[in-house]
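Colleague: If you read the protein sequences in the order shown, they are chains F and C. Just so you know, the working numbering puts 12 at position 12 of the first sequence, and the rest follows in order with no gaps. Just so you know, the working numbering puts 35 at position 35 of the second sequence, and the rest follows in order with no gaps.
Calculated directly from the structure, the hints in this document are not laboratory data. What you are looking at is a predicted structure, and each value in this text was computed from that prediction instead of being measured. Just so you know, even glycine gets a beta-carbon here, dropped at the ideal spot from N, CA and C. Wrong hints could be hidden among the right ones.
Computed footprint of chain C on chain F, listed as stretches where at least three residues anywhere in the stretch have a Cβ under 8 Å from a Cβ of chain C [claimed, not checked]: (1) 35 to 46; (2) 56 to 66.
FRET-style restraints, in silico, Cβ to Cβ [stated by the list, open to error]: (3) F:ARG3 x C:TYR63: 47 to 55 Å; (4) F:ALA92 x C:GLY147: 54 to 62 Å; (5) F:PRO24 x C:THR17: 24 to 32 Å; (6) C:LEU78 x F:ALA42: 22 to 30 Å; (7) C:TYR63 x F:PRO74: 31 to 39 Å; (8) C:ALA69 x F:ARG51: 43 to 51 Å; (9) F:ASP14 x C:GLU31: 45 to 53 Å; (10) F:PRO24 x C:TRP118: 16 to 24 Å; (11) C:SER81 x F:ASP14: 35 to 43 Å; (12) F:VAL91 x C:GLY28: 40 to 48 Å; (13) C:ARG22 x F:ALA75: 55 to 63 Å; (14) F:LEU13 x C:GLY28: 45 to 53 Å; (15) C:ARG195 x F:ARG3: 38 to 46 Å.
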Amino acid sequence: MPRFAAGDRVRILDLPKTGHIRVPDYVRGAVGAIERHCGTYANPEELAYGRPDPARVDLYRVRIAQAALWAGAPASDELDIEIYDHWLEPVA
Amino acid sequence: MMICEGEAGGDYHALMTEALHRLLLERGVLEPADVDRLIAQLSKPNREWGARLIARAWMDADYKARLLADGRAAGAELGFSIKEAQIIVLENTPGLHNLVVCTLCSCYPRSLLGQPPWWYISKTYRARAVREPRAVLAELGYPLPEGVRVRVHDSNADMRYLVLPMRPEGTEAWDETRLADCVSRDAMVGAAPARVIWETVQQAASDPTQA
Chain F
1 MPRFAAGDRV RILDLPKTGH IRVPDYVRGA VGAIERHCGT YANPEELAYG RPDPARVDLY
61 RVRIAQAALW AGAPASDELD IEIYDHWLEP VA
Chain C
1 MMICEGEAGG DYHALMTEAL HRLLLERGVL EPADVDRLIA QLSKPNREWG ARLIARAWMD
61 ADYKARLLAD GRAAGAELGF SIKEAQIIVL ENTPGLHNLV VCTLCSCYPR SLLGQPPWWY
121 ISKTYRARAV REPRAVLAEL GYPLPEGVRV RVHDSNADMR YLVLPMRPEG TEAWDETRLA
181 DCVSRDAMVG AAPARVIWET VQQAASDPTQ A
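Based on the provided sequences and hints, a complete structural model is requested.
Modeller: Pasting the structure below:
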């Protein structure tokens, strides 16, 4: 059962991790809404190093207002980005 | 080997790749034919495969609905075996423009479209497409009209993306082959509109079956 559903508000975490991380700096700390649950996939943070049986994790697309990322961005514009479950926290 | 601009150490990696390749051949781990086969396999997918999906979607509303619901399954319908986990199809409309970028590397629906264009891999595009997509599009010769919402898709993980551009005006009577000619590689990442190209118009004019 995925932790989030479409429309849920989430914050992208800034975890102190190194290695094959798929969360670019520019979205860390940003708040957005779940656009969809994409399914579960082998965690790339383990997969990239050839670890046997990498954990499967939920993947979501998160929609963020461009104005929340970049000062002066048009209010109409948005960014969609894929984020794994352990990089998200719920926002009340 | 592809070396991107500002990629320090590119020579080192090219040299190491070459050395490893030779060692594998010398020791019989790899046959030259294996490498040729893999390169041929990687080079086979191309713009025309994606363009066929787009042209079919323009002609057939039911197919379009299936393409938007599940890009992989819709590709399989036309005989394309898409290897990526999912293809998310993004429909451009008069009010919404979708643009695809992979800020972290060069994720691209390679099993359908082949290798991405050089500029898609460039650090400049990757950095700027998320930060100032309108400026990037204008520089690519595609300034967006006022009132069009821009949605950038960072293709940073397991999904892959295909933009469904708007059908060009004046192509209502065209068949699927000529429609597919309007769909450039760049249009399928949202970096260009679908366009009627002059050669296609000339062909149509000289062919009485294409009024």
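Colleague: Compare the structure with each hint and give your call.
Modeller: Verification of the hints:
1. 35 to 46: holds (count 4)
2. 56 to 66: holds (count 3)
3. F:ARG3 x C:TYR63: 47 to 55 Å: This hint is violated: roughly 35 Å between Cβ atoms.
4. F:ALA92 x C:GLY147: 54 to 62 Å: violated (34 Å)
5. F:PRO24 x C:THR17: 24 to 32 Å: Because 27 Å falls inside the window, the suggested range holds.
6. C:LEU78 x F:ALA42: 22 to 30 Å: Hint holds: Cβ distance 29 Å, inside 22 to 30 Å.
7. C:TYR63 x F:PRO74: 31 to 39 Å: Check passed, 33 Å falls within 31 to 39 Å.
8. C:ALA69 x F:ARG51: 43 to 51 Å: 34 Å Cβ-Cβ, so the 43 to 51 Å window is violated.
9. F:ASP14 x C:GLU31: 45 to 53 Å: Since the Cβ atoms of F:ASP14 and C:GLU31 sit about 47 Å apart, the hinted range of 45 to 53 Å holds.
10. F:PRO24 x C:TRP118: 16 to 24 Å: holds (21 Å)
11. C:SER81 x F:ASP14: 35 to 43 Å: Cβ of C:SER81 to Cβ of F:ASP14: about 39 Å, so the range 35 to 43 Å holds.
12. F:VAL91 x C:GLY28: 40 to 48 Å: violated (58 Å)
13. C:ARG22 x F:ALA75: 55 to 63 Å: holds (56 Å)
14. F:LEU13 x C:GLY28: 45 to 53 Å: This hint holds: roughly 48 Å between Cβ atoms.
15. C:ARG195 x F:ARG3: 38 to 46 Å: holds (44 Å)
Comparing the model with each earlier hint shows violations of hints 3, 4, 8 and 12; every other hint is respected.
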